[in-house]
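Student: So you can see what is in the structure, the chains are spelled out below.
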Amino acid sequence: LAKTTQPISMDSYEGQEVNITCSHNNIATNDYITWYQQFPSQGPRFIIQGYKTKVTNEVASLFIPADRKSSTLSLPRVSLSDTAVYYCLVGDPGEAAGNKLTFGGGTRVLVKP
Amino acid sequence: ETGVTQTPRHLVMGMTNKKSLKCEQHLGHNAMYWYKQSAKKPLELMFVYSLEERVENNSVPSRFSPECPNSSHLFLHLHTLQPEDSALYLCASSQEVMSGANVLTFGAGSRLTVL
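Top to bottom, those sequences are chains G and B.
Taking the working numbering, the leading residue of the first sequence gets 1, the next gets one more, and so forth.
Taking the working numbering, the leading residue of the second sequence gets 1001, the next gets one more, and so forth.
One or more hints might be untrue.
[Claimed, not checked] In silico DSSO-like cross-links for lysine-lysine, where the CA-CA straight-line distance does not exceed 30 Å:
no.: 1; chain 1: G; residue 1: 69; chain 2: B; residue 2: 1040
no.: 2; chain 1: G; residue 1: 112; chain 2: B; residue 2: 1041
no.: 3; chain 1: B; residue 1: 1040; chain 2: G; residue 2: 112
Don't read these hints as lab results, they were simulated from the structure.
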């Protein structure tokens, strides 16, 4: 399971675009990159998944460079309700390989009015 | 309500009690998971089941005992817990296991407090 590194926290304002970059230098050939959002006392919720280049859905965009060693989640025009913790996950979340912390620490995004 | 339902949502128990957490998924998935999330800590994978067979166990203490009677139901039996076991216990499911494209659907969690 590839290890991921994300910023611990980010602040933004309503209406701005938020970009969160995740580093995953040891990503395997068959690994996809998946992002989740978690609100306090709730389970994480799937946001977007990609393998390479760019993926866009109604919620976010995911940019993945050719070497796939990093990825950037882009949240357009955030609102207060986007305040949450965002997790970058690479590969199979059930593959712990001795490492319990499959989700990493995530990035705590605070959207201010 | 998501496709993964967890009960109870809140549980308070003493260290000598025996209780169980229940998870049910209505998505037709083949894999189910238990995660633990302590206060201000990352999620920790506890158990993974694929088609009712356990495929991953992260050296979880024996006071936590999982049970997966079928692909739709997952239990976590709790006995003689410690106060440090107080946490949010999350159940998740996915279409398959051991896939690099796996996507998890989580339940709302069971908030456990051990006195």
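Student: The structure should be examined with respect to each hint, and the outcome stated for every one.
Tutor: We went through each hint and held it up to the structure:
1. G:69 <-> B:1040: holds, 27 Å
2. G:112 <-> B:1041: OK: residue 112 of chain G and residue 1041 of chain B at ~24 Å, within 30 Å.
3. B:1040 <-> G:112: Holds, at roughly 21 Å.
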